[in-house]
Amino acid sequence: MKLPIYLDYSATTPVDPRVAQKMIPYLTEIFGNPASRSHAFGWAAEQAVEEARAHVAALINADPKEIVWTSGATEGNNLAIKGAAHFYQTKGKHLITQKTEHKAVLDTFRELERQGFEATYLDVEPNGLVSLEKFAAAIRPDTILASIMMVNNEIGVIQPVWEIAEICRKKGVIFHCDAVQGAGRVAIDLQKFKADLLTITAHKMYGPKGIGALYVRRKPRVRIEAQIHGGGHERGFRSGTLATHQIVGFGEAARLAKLEMATDNERIRALRDRLWKSIQGMEEVYLNGDFERRIPHNLNVSFNFVEGESLIMAVKDIAVSSGSACTSASLEPSYVLRALGRNDELAHSSIRITLGRFTTQDEVDYAASLIKSKVAKLRELSPLWEMYQEGVDLNSVQWAAH
Amino acid sequence: MAYSDKVIDHYENPRNVGSFEKSDESVGTGMVGAPACGDVMKLQIKVGADGRIEDARFKTYGCGSAIASSSLVTEWVKGKTLDQAASIRNTDIAQELSLPPVKIHCSILAEDAIKAAVDDYRKKHGFAGEKPAEEKKVA
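Residue numbers (our numbering), protein chains in the order written: chain E, 6 to 407; chain H, 207 to 345.
Please note: incorrect hints may appear among the correct ones.
Stated by the list, open to error - If you only want the chain E side, here are some residues facing chain H, beta carbon under 7 angstroms, derived: (1) 38; (2) 54; (3) 126; (4) 287; (5) 312; (6) 314; (7) 315; (8) 322; (9) 353; (10) 388; (11) 392; (12) 395.
What the hints assert, rightly or not - Partial chain H-side listing against chain E, Cβ under 8 angstroms, derived: (13) 238; (14) 248; (15) 292.
What the hints assert, rightly or not - Using 27 angstroms as the maximum straight-line C-alpha spacing, the simulated DSSO-like pairs for lysine-lysine come out as follows: (16) 7/E to 108/E; (17) 284/H to 329/H; (18) 282/E to 382/E; (19) 7/E to 98/E; (20) 382/E to 212/H; (21) 321/E to 214/E; (22) 284/H to 377/E; (23) 224/E to 98/E; (24) 284/H to 382/E; (25) 199/E to 98/E; (26) 329/H to 382/E; (27) 214/E to 282/E; (28) 7/E to 176/E; (29) 224/E to 263/E; (30) 214/E to 96/E; (31) 212/H to 321/E; (32) 7/E to 224/E; (33) 252/H to 176/E.
Hints listed in this document are in silico derivations from the structure and should not be mistaken for laboratory results. Model, not experiment: these values are computed from the prediction. Even for Gly, the Cβ is constructed at its ideal location relative to N, Cα and C.
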């Protein structure tokens, strides 16, 4: 077994070797600009781009004409949300999202608020899910756009976006779905799922970084205002020379995802459940987010009385991420876990383990035993664990905040 | 985040982990920080008949730098008088461990923990607050 073991597939996935193989000729041989209409180099590149577009569209059961290439998820979310808000602003100024969205959505909403839009940030339930009743109640006569993610990046819960899309369609609200963590893991059928705009990206499904796609519905037609202007590529939605090799990689990754998703998911679910079964027997261990409505790849666990960053340091032979944002130097516990109503201690004590296509049973078993031994070691170091063992109620202690 | 070798050494081989009996007359206990902030340090000193710190113990809930800072100060306070221990500066700790700016608060917490332990010992022995024992006697 090679150390460290990669268990952070929600951060990014390795490029599948089959995808990399497919990409290489488009760097060296078929290097033409897909927008070059006057020679064979351009035609060959254009053909490759359109084949890839068909594969990406097929993964989400959309029309290839509904796919707009972007540089990735952040651009896709910006284009969808700003693009729709700007286009429909004469109809109303109110937007809806929820508090555990990715920063690419939350920060875009903040920017729109600065521009004069009004936004509602819905709370989630303790299991991490948006309540349909609360969502429907938040819609106002002047609501033009709602954005709810399909799968949360930290806790892996699957939001009821299918039902939310129905509500939006009935109320005449444009619905954007950030499906970055969902695509390739959750079956998406846009003939049935009534999302108007949907963001996906290649590097979460074994494709390369730097390429994503925005789905823009044609029936009924959804309009967005371009955010990047230039040569009018992508039917004016997104100007800029297409990165043929990246797009080819995305297309191949999407083709493989469609073929292998069901078997991958089944295998990964068995590994994830094996891991959870192994660590769940420890004292004071909490799973964050709903277990049933969750992608099979994700475990987000809080080990009470152990601080997340020190735990990550202790388990350095496995590459996992801290639910606590200490690592990003902000010293704030995860806003996602806080939104679930987890107290600060538990929010500070979480790690996210995400499995993927190349995870093996040996790796999972190694991870489980490493986590168990290091949590025990850190608890021996923890004054909070000592107090808990002595029966002290930590909530009754007067802590001096610093 | 990249840690210095000294932080990693203290983190992997923490010195003087454990607890003394809190009620022991020769023991001073300092507990600082808050779980909500992600750091809690408990530092205990055992003071000998000669007024010098003969032993120290710690337990810390916090990041690697917090654990290393508290482990380091348990080594530093041994053999020192209470005044000498209370004069350990956070900047000395940060420098010794090459803490990055974002982790300076860990060294501040370790300094506070020593002061709190010294204060606790002094209170047990009838000395008020931060005043050094010698001054009190003179007054």
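- Message: I'd like to know which numbered hints this structure contradicts. Please list them from smallest to largest.
- Response: Checked against the structure, the hints that fail are numbers 1, 2, 3, 4, 8, 11, 12, 15, 16, 19, 22, 26, 27, 28, 30, 32, 33, while the rest are satisfied.
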